[in-house]
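> Generate the whole structure from the sequences, applying the supplied hints.
As they're listed, the protein sequences go chains A and B. Numbering of the first sequence is given in numbering that gives the first Met the number 0, commencing with residue 0 and proceeding in unit increments. Numbering of the second sequence is given in numbering that gives the first Met the number 0, commencing with residue 0 and proceeding in unit increments.
Warning: the hint list may mix true and false statements.
Here are the simulated lysine-lysine pairs, BS3-like style, with alpha carbons at most 30 Å apart [what the hints assert, rightly or not]:
id	chain 1	residue 1	chain 2	residue 2
1	A	Lys94	A	Lys31
2	B	Lys277	A	Lys56
3	B	Lys248	A	Lys18
4	B	Lys414	A	Lys31
5	A	Lys94	B	Lys248
6	B	Lys272	B	Lys187
7	B	Lys155	A	Lys94
8	B	Lys248	A	Lys125
9	B	Lys272	B	Lys248
10	B	Lys277	A	Lys43
11	B	Lys278	A	Lys45
12	B	Lys272	A	Lys31
13	B	Lys139	A	Lys45
14	B	Lys389	B	Lys340
15	A	Lys56	B	Lys278
16	B	Lys187	A	Lys84
17	B	Lys187	A	Lys31
18	A	Lys31	B	Lys417
19	A	Lys43	B	Lys441
20	B	Lys136	A	Lys56
21	B	Lys136	A	Lys43
22	B	Lys134	A	Lys45
23	B	Lys414	A	Lys18
FYI, nobody ran anything at the bench for these hints, they're computed from the structure. All values derive from a computational prediction rather than experimental measurement.
Here is how the chains run, residue by residue.
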Amino acid sequence: MSLEYQIIDHTADLGIVVKAHSLENLFINSAKVMIDLIIQGDVKGKTEVREIVIEGKDFPDLMVRWLGEILYLFYGENLIGSSIKIKSLSWSRIKACVEFVEFVPEYYEILREIKAVTYHRISVEKIGDIWETMVVFDV
Amino acid sequence: MEAKLKKIDNWRWEIPKTGNMRVPGLIFSSPELLDQGKNDQSVIQVANVATLPGIVRHSLAMPDIHWGYGFPIGGVAAFDMEEGIVSPGGVGYDINCGVRLLTTSLPAREIRPRIKEIVSALFMNIPTGVGSRGKIKLSKSEEKRVAAEGAYWAIKNGLGVEEDLETTEDNGVMRGADPEAVSDRAYKRGHDEIGTLGSGNHFLEIQYVDEIYDQKIASAFNLFEGQLTVMIHTGSRGFGHQICDDFLKEMSSHVQDAGFILPDRQLACAYIKSETGKKYLSAMACAANYAWVNRQVIMHWTRETFESVLGISPRDLKMELLYDVCHNIAKIESHMVDGKKTKVCVHRKGATRSLPPNHPDVPQKYREAGQPVIIPGDMGTYSYVLTGSKKAMDETFGSTCHGAGRVLSRRQAVKLAKGRAIAREMEDRGIFVQSRGRNTLKEEIPEAYKDVSLVVEAVHMAGLAKKVARMRPIGVIKG
Numbered sequence: 000m001s002l003e004y005q006i007i008d009h010t011a012d013l014g015i016v017v018k019a020h021s022l023e024n025l026f027i028n029s030a031k032v033m034i035d036l037i038i039q040g041d042v043k044g045k046t047e048v049r050e051i052v053i054e055g056k057d058f059p060d061l062m063v064r065w066l067g068e069i070l071y072l073f074y075g076e077n078l079i080g081s082s083i084k085i086k087s088l089s090w091s092r093i094k095a096c097v098e099f100v101e102f103v104p105e106y107y108e109i110l111r112e113i114k115a116v117t118y119h120r121i122s123v124e125k126i127g128d129i130w131e132t133m134v135v136f137d138v
Numbered sequence: 000m001e002a003k004l005k006k007i008d009n010w011r012w013e014i015p016k017t018g019n020m021r022v023p024g025l026i027f028s029s030p031e032l033l034d035q036g037k038n039d040q041s042v043i044q045v046a047n048v049a050t051l052p053g054i055v056r057h058s059l060a061m062p063d064i065h066w067g068y069g070f071p072i073g074g075v076a077a078f079d080m081e082e083g084i085v086s087p088g089g090v091g092y093d094i095n096c097g098v099r100l101l102t103t104s105l106p107a108r109e110i111r112p113r114i115k116e117i118v119s120a121l122f123m124n125i126p127t128g129v130g131s132r133g134k135i136k137l138s139k140s141e142e143k144r145v146a147a148e149g150a151y152w153a154i155k156n157g158l159g160v161e162e163d164l165e166t167t168e169d170n171g172v173m174r175g176a177d178p179e180a181v182s183d184r185a186y187k188r189g190h191d192e193i194g195t196l197g198s199g200n201h202f203l204e205i206q207y208v209d210e211i212y213d214q215k216i217a218s219a220f221n222l223f224e225g226q227l228t229v230m231i232h233t234g235s236r237g238f239g240h241q242i243c244d245d246f247l248k249e250m251s252s253h254v255q256d257a258g259f260i261l262p263d264r265q266l267a268c269a270y271i272k273s274e275t276g277k278k279y280l281s282a283m284a285c286a287a288n289y290a291w292v293n294r295q296v297i298m299h300w301t302r303e304t305f306e307s308v309l310g311i312s313p314r315d316l317k318m319e320l321l322y323d324v325c326h327n328i329a330k331i332e333s334h335m336v337d338g339k340k341t342k343v344c345v346h347r348k349g350a351t352r353s354l355p356p357n358h359p360d361v362p363q364k365y366r367e368a369g370q371p372v373i374i375p376g377d378m379g380t381y382s383y384v385l386t387g388s389k390k391a392m393d394e395t396f397g398s399t400c401h402g403a404g405r406v407l408s409r410r411q412a413v414k415l416a417k418g419r420a421i422a423r424e425m426e427d428r429g430i431f432v433q434s435r436g437r438n439t440l441k442e443e444i445p446e447a448y449k450d451v452s453l454v455v456e457a458v459h460m461a462g463l464a465k466k467v468a469r470m471r472p473i474g475v476i477k478g
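As structure tokens, then:
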């Protein structure tokens, strides 16, 4: 599935706008876009499934914390999120089953470092029938 | 929020207090530099910072100001200890990102024929790039010692000499570090990143001194024309990023309870005297210490590499640390406020401390000259050494600029560099570059930055620091 997103200009950092037809896909696709911005290559290796539960105070907060979790698992535990299934999603909580593979640097081309997911200009909104999020990463 | 600028003099512009601003904004710059940043949001960000509780005097910005997240990069803000806040976003993710400069006894012309050999050896010995893992693996208990002891930990483990501590800001150890305030996640990310350069704008650069502006101070700093120098720019890596992330999330959860009205969620903060505020400062100090160890270890391996490639003894090479400055930090410092010496929490996000001659925190050997201020430029032009000034103490809580400051986004830079062989272009300019990431060199082209000479001229003319010497690169490694 091709991901619908655009990169937005930010002098020091890197912003993205992601669009999807459902809120679930918005969260899934945003995570995939973030990983795509860091590494390039076919994800391969032994898989491991983890259940991830994140709580936040609204959708934008939830988006920052969700992406932050996927980013931590990449840097802190060397895990690349390869397949995501959302089990439940509300304005304050997301529960997902994520299939991970171990990150082996030799298998991938490394594009850039994303240090963190920021709250700067964060938005999650429904425009017509489309869900849209804007996220700025510290790079 | 609208933010209009009012010219005060040739080097200072005020953002008058409007709306929810508690104090005016004050930007140190030149018309040319201001014009370069006219399309970004940095001036609005200066105004946004001025709305934060307990801000003292002004929300300040240096000439290298550019659009960041929350605080602008190049921003300085001091907060009252009783009424004021501390903001992780006002320090940045890369806590104690900073620069150190090493001097040598050698004229650069002596090593120029071997520059490729040296750069390649440094590239081999110092891990660079995204997710680079260091040669030192730490247990959690040892990492806690790093967090508590700072650069002293490195010296104690044979990764440097005692004299290095004398010429490191705060002697390489930030007081108040509490390793128990740091999350397991931060320790996990930091366990194998000591001695790694990272990516983006971080670098190790071999340079030579090409111009001296103040002979007396240059001599005090042991600088001479033609001299070989080495500059190291990096920070606290994933350890610091995680600490910032942890506390931003925690503070973000309590913004409404605390009654803060924030123009940008990234400005999440806590009162300095609150438990969360104190805990953040203790954890931030751990990251500051981690960063000093990181730069110290990289410096140690740099010394070893030069000695090994050139076959010169440490005594003959005399690779000494001129100074190490941090430019992403929050510090409790004493400054004159309303005619009284007052403790404030100074946030410097992309700004360097600038202490004048005779200040007690300036190392004894530089006491008469003032604190060395190290300003890196982009990989194709210059870097500078300046010295701190009294005017900076009076006007900017002892702060000055930190670098050139980006003017193009990374995407714009890559677009501009399309079809160009940047490494070859650099080589044609006499600079041999090695880098890890596919797009690093394109993202870091000289055109992506303001002209560092204009930035330095602006702080020099505004009196926030005084020019001492300029260096040109001849070899660079980047992530």
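> For each hint, tell me whether it holds in the structure or not.
A quick look at each hint next to the structure:
no.	hint	in the structure
1	Lys94(A) with Lys31(A)	holds, 17 Å
2	Lys277(B) with Lys56(A)	holds, 24 Å
3	Lys248(B) with Lys18(A)	holds, 25 Å
4	Lys414(B) with Lys31(A)	holds, 24 Å
5	Lys94(A) with Lys248(B)	holds, 18 Å
6	Lys272(B) with Lys187(B)	holds, 29 Å
7	Lys155(B) with Lys94(A)	violated, 47 Å
8	Lys248(B) with Lys125(A)	holds, 24 Å
9	Lys272(B) with Lys248(B)	holds, 19 Å
10	Lys277(B) with Lys43(A)	violated, 44 Å
11	Lys278(B) with Lys45(A)	violated, 39 Å
12	Lys272(B) with Lys31(A)	violated, 40 Å
13	Lys139(B) with Lys45(A)	holds, 27 Å
14	Lys389(B) with Lys340(B)	holds, 15 Å
15	Lys56(A) with Lys278(B)	holds, 22 Å
16	Lys187(B) with Lys84(A)	holds, 27 Å
17	Lys187(B) with Lys31(A)	holds, 24 Å
18	Lys31(A) with Lys417(B)	holds, 26 Å
19	Lys43(A) with Lys441(B)	holds, 29 Å
20	Lys136(B) with Lys56(A)	violated, 37 Å
21	Lys136(B) with Lys43(A)	holds, 27 Å
22	Lys134(B) with Lys45(A)	holds, 26 Å
23	Lys414(B) with Lys18(A)	holds, 24 Å
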